[in-house]
Amino acid sequence: MVDPRLLKFDTLSVHAGQHPDSDFRARAVPIYQTTSYVFRDVEHAAGLFNLERQGHIYSRISNPTVAALEERLAALEGGVGAVATASGMSAMFLGIATLMGAGGHIVSSSSLYGGSNNLLATTLPRFGITTTFVHPRDTDGFRDAIRPETRLVFGETLGNPGLEIMDVEAIAEIAHEAGVPFMLDNTFATPYLFRPFEWGVDLIYHSITKFIGGHGVAIGGALVDGGTFDWESSGLFPTLTEPYSSYHGLKFTEEFGTQAFIIRARVEGLRDFGAPLAPQNAFYILQGTETLSIRMRKHIENTRQVVEFLDGRPEVSWISYPELPDHPDHRRALKLMPEGCGAIFAFGIKGGREAGKRFIERLGVFSHLANVGDARSLVIHPASTTHSTMDKEQLERAGVGEDLIRLSIGLEDPSDLIGDLASALAASRR
Amino acid sequence: MEFTVDGAAISATTGGRPLDPCKPLIMFLHGAALDRTSWQLQTRYFSHSGYSVMAVDLPGHGRSNEPPRSSIESYAEWVSGLVAAAGFEQAHLVGHSMGGLIALEAAARFSRSVSTLTMIGGATAIPVHPALLAAAEAGDHLAYELMASWGHGRRSHLGGHQTPGIWMMGATIRLWERSRPGVLAADLHACNDYSHGVEAADAVTCPSLLISGTLDVMTPYRAAEPLRHNLGDVREVMIEGAGHVMMTEHPDQVIDALAAFLQEVGSEVQP
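Chains as they are written, first to last, in this note's numbering: chain A, 1 to 430; chain B, 1 to 271.
Each hint should be verified, as a subset may be incorrect.
Covered by chain A, according to a simulated footprint, are these stretches of chain B (three or more residues, beta-carbon under 8 Å) [to be verified]:
(1) 31 to 41
(2) 93 to 103
(3) 129 to 142
(4) 163 to 169
Under 8 Å between C-beta atoms, here's a sample of chain A residues computed to sit facing chain B [unchecked claim]:
(5) 20
(6) 22
(7) 26
(8) 71
(9) 245
(10) 246
(11) 249
(12) 262
(13) 308
So the derived label-pair ranges between C-beta atoms look like this [claimed, not checked]:
(14) 20(B) / 44(A): 47 to 53 Å
(15) 35(A) / 155(B): 36 to 42 Å
(16) 1(A) / 125(B): 22 to 28 Å
(17) 1(A) / 266(B): 50 to 56 Å
(18) 266(B) / 215(A): 44 to 50 Å
(19) 144(A) / 138(B): 52 to 58 Å
(20) 294(A) / 18(B): 31 to 37 Å
(21) 138(B) / 330(A): 52 to 58 Å
(22) 205(B) / 177(A): 53 to 59 Å
(23) 215(A) / 155(B): 41 to 47 Å
(24) 58(A) / 155(B): 25 to 31 Å
(25) 18(B) / 58(A): 29 to 35 Å
Keep in mind the hints are simulated off the structure, nothing from the lab. Ideal placement from N, C-alpha and C gives every residue a C-beta, glycine not left out.
Using the sequences plus the hints, can you model the full thing?
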């Protein structure tokens with residue numbers, strides 16, 4: 001068989017999106033710390049503004065450092081293009097706002113990051129966009145919840161914090177039967193562990209603050225377009241198929257085909273809503289992409305050792321990690337994520353809220369904070385922090401009990417992590 | 001927009017402005033198993049620069065529903081009919097790869113319908129690697145991967161697209177994945193079977209332009225040699241670092257080369 005010699009994941013994670021710059025041949029991606037770009041001439045300026053020519057105009061819409069990161073993320077996910085944003089939340093909003101306006105409806109997994117839940121359940125209804133929540137394991141429930149005004153099916157690769165794994169292929173099929181795209185938050189898995197476009201997903205967004213950056217120094221997000229969804233056949237997305245007055249009647253699908261969504265997300269979404277990623281932050285996150293594979297392998301290796309340790313401890317009432325045979329989605333995890341199920345998991349601590357408080361306060365190597373996917377190991381009690389705005393019913397629906405502790409395992413020596421956890425568990429009993 | 005040719009609906013984009021019979025027509029012809037959106041970085045420029053523009057979906061491609069044609073000659077006849085169906089006497093034909101062969105054949109046989117000929121990644125013959133043909137016939141995804149790999153210069157395998165955030169390798173593969181079953185194999189056979197490109201080049205009387213890439217391995221420099229010798233009124237622009245899909249890899253250079261050529265031959269009309 002002839003080898004097509006397409007570049008592989010590890011090579012793309014180091015190089016995609018960048019060539020040495022033409023002026024100084026800089027090998028690393030330079031930080032283009034500039035708001036704007038000098039036009040070649042008046043005609044060139046007009047061409048850029050009317051999308052007759054492509055290039056950078058103003059860093060709210062695009063920036064060379066950010067573009068290198070965007071291409072790299074699109075390459076790693078196997079998409080057609082990406083838009084990087086100021087945060088994961090702005091990427092999520094950008095995806096939704098590019099697809100629908102007031103009157104739109106979303107069918108979403110109920111097991112979500114608290115911030116995503118806030119946006120869908122509380123904030124978007126104020127703008128006329130409503131959401132029906134379905135348990136991530138209730139595949140038929142997604143079909144039942146779809147209405148004529150539904151414009152998006154949405155979920156997380158690994159539910160937060162319960163680590164439920166949806167039947168991605170089946171839910172993609174349900175969405176497509178209804179003529180709507182399926183968007184997945186792939187933050188917890190990263191494209192190293194799971195590539196959603198290969199399983200029928202159409203759109204992906206990330207908080208690149210997490211594993212993709214990996215260092216916990218920069219906030220960022222990214223929206224990636226698989227280029228797979230047929231907007232014209234669906235007929236439900238006039239933002240992409242009908243003339244857009246802001247560009248003199250431009251029809252995005254007619255002219256940009258498979259790139260229609262991601263181009264509209266940039267030229268309307270970043271232009272009008274703002275929230276671009278800053279070039280300095282793009283630079284930081286690019287450093288993270290270069291080591292994504294080796295870091296994820298180490299995260300997984302450490303996580304497996306920590307889970308094994310906790311599994312035998314008397315202070316632990318349960319562990320939710322899809323690699324464990326008793327996890328309800330274990331078989332699906334093996335199918336979708338054979339390399340591993342990430343470095344975030346939850347467990348229940350005996351003694352409830354008070355024991356949890358003693359446990360967290362005793363930890364020394366683990367940091368108690370609201371983040372995941374860092375080089376450092378992290379711990380949080382979601383019911384009192386990330387998911388604190390949920391009422392009892394919402395907490396129940398999201399699978400967040402008062403005994404639930406969420407760990408994000410970092411890159412430290414695993415014996416130090418286990419030692420730290422052992423001391424804290426002992427303290428939790430006092 | 002939709003056109004009817006021989007009773008069949010044909011789709012084309014006009015670059016954001018309606019066709020105007022008072023402006024010269026540029027007709028863009030895409031390559032194997034691609035569609036009109038291959039020209040997305042050229043159509044808007046020319047439609048806003050004094051030209052009527054049609055980037056067509058060839059039969060069986062994109063949104064054009066009729067079956068694909070089986071030969072370059074048949075596509076050339078279809079192109080000639082489309083120029084008239086669109087309400088024009090002549091068109092500047094711009095073809096990429098297989099589209100270039102179609103444009104060459106149309107310019108040779110239907111000279112009254114063709115005002116100039118531009119071939120991007122052009123040749124008088126495009127023999128297809130047996131492994132690619134076999135993969136296409138089998139409907140194997142390998143065919144798209146080989147096309148993407150050989151179609152882009154090695155530099156483009158790393159990206160660096162002029163449109164911020166677009167990953168061109170993924171975008172091109174996705175376009176091929178969207179083609180209907182059997183279309184790539186049919187197109188590759190049409191290219192493989194086309195055998196009288198030299199005679200066609202001899203017969204072309206209109207001014208012509210070759211746009212070539214230094215890293216093009218699908219139609220390398222030597223493949224265009226008969227065009228350089230046999231086209232009567234020919235000029236060439238070589239794009240440094242470009243592979244075969246240079247309208248995507250180096251869109252501005254393609255625009256600039258085509259705009260300069262059309263200006264030189266006296267067809268520029270002020271918008």
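Hints, one by one, checked against the model:
By the rule of at least three residues with a Cβ nearer than 8 Å to a Cβ of chain A, the coverage given for the segment 31 to 41 of chain B holds, with 5 such residues. Coverage of the segment 93 to 103 of chain B by chain A is violated [criterion: at least 3 residues with CB-CB distance below 8 Å; count 0]. Closer than 8 Å: that is the beta-carbon criterion, and the segment 129 to 142 of chain B has 4 residues meeting it against chain A, so the requirement of 3 holds. Using a Cβ-Cβ cut-off of 8 Å, 6 residues of the segment 163 to 169 of chain B lie near chain A, which meets the minimum of three, so the contact claim holds.
Here the hint on residue 20(A) is broken, as its CB sits about 10 Å from the closest CB of chain B, past 8 Å. Residue-level restraint check for residue 22(A) is violated (minimum Cβ-Cβ distance to chain B is 11 Å; threshold 8 Å). Among the interface hints, the one on residue 26(A) is violated; its C-beta lies about 14 Å from the nearest C-beta in chain B, farther than the 8 Å criterion. For residue 71(A), the interface hint holds, since its Cβ comes within 8 Å of a Cβ in chain B; the closest pair sits about 4 Å apart.
The interface hint given for residue 245(A) is broken, as the beta carbon of that residue sits about 12 Å from the closest beta carbon of chain B, more than 8 Å. Hint status for residue 246(A): violated, given a least beta-carbon distance of 12 Å to chain B, over 8 Å. Interface hint at residue 249(A): satisfied, since its Cβ lies 7 Å from the closest Cβ of chain B, which is below the 8 Å cut-off. For residue 262(A), the suggested interface contact is upheld, since its CB lies about 7 Å from the closest CB of chain B, less than 8 Å.
Taken as an interface hint, residue 308(A) does not check out: its beta carbon lies about 38 Å from the nearest beta carbon of chain B, beyond 8 Å. Checking the proposed 47 to 53 Å range against residue 20(B) and residue 44(A) shows it is violated: the Cβ atoms sit about 24 Å from each other. For residue 35(A) and residue 155(B), the Cβ-Cβ distance of about 29 Å falls outside the hinted range of 36 to 42 Å, so the restraint is violated. Separated by about 26 Å at the C-beta atoms, residue 1(A) and residue 125(B) satisfy the suggested range of 22 to 28 Å.
Under the hint 50 to 56 Å, the C-beta atoms of residue 1(A) and residue 266(B), about 51 Å apart, fit the expected range. Remark: the range hint 44 to 50 Å for residue 266(B) to residue 215(A) is contradicted by a beta-carbon distance near 60 Å. A C-beta distance of roughly 40 Å is found between residue 144(A) and residue 138(B), which places it outside the suggested range of 52 to 58 Å. Hint check: residue 294(A) to residue 18(B), Cβ distance near 55 Å, so the stated range 31 to 37 Å is violated.
Checked against the given bound of 52 to 58 Å, the beta carbons of residue 138(B) and residue 330(A), roughly 36 Å apart, lie outside it. Roughly 55 Å separates the CB atoms of residue 205(B) and residue 177(A), a value that falls within the hinted 53 to 59 Å. A beta carbon spacing of about 30 Å between residue 215(A) and residue 155(B) contradicts the range 41 to 47 Å that was offered as a hint. As the Cβ distance of residue 58(A) to residue 155(B) is approximately 27 Å, the hint placing it in 25 to 31 Å holds.
At roughly 30 Å, the beta-carbon separation of residue 18(B) and residue 58(A) lies within the given 29 to 35 Å, and the hint holds.
When each numbered hint is compared with the structure, violations occur for hints 2, 5, 6, 7, 9, 10, 13, 14, 15, 18, 19, 20, 21, 23.
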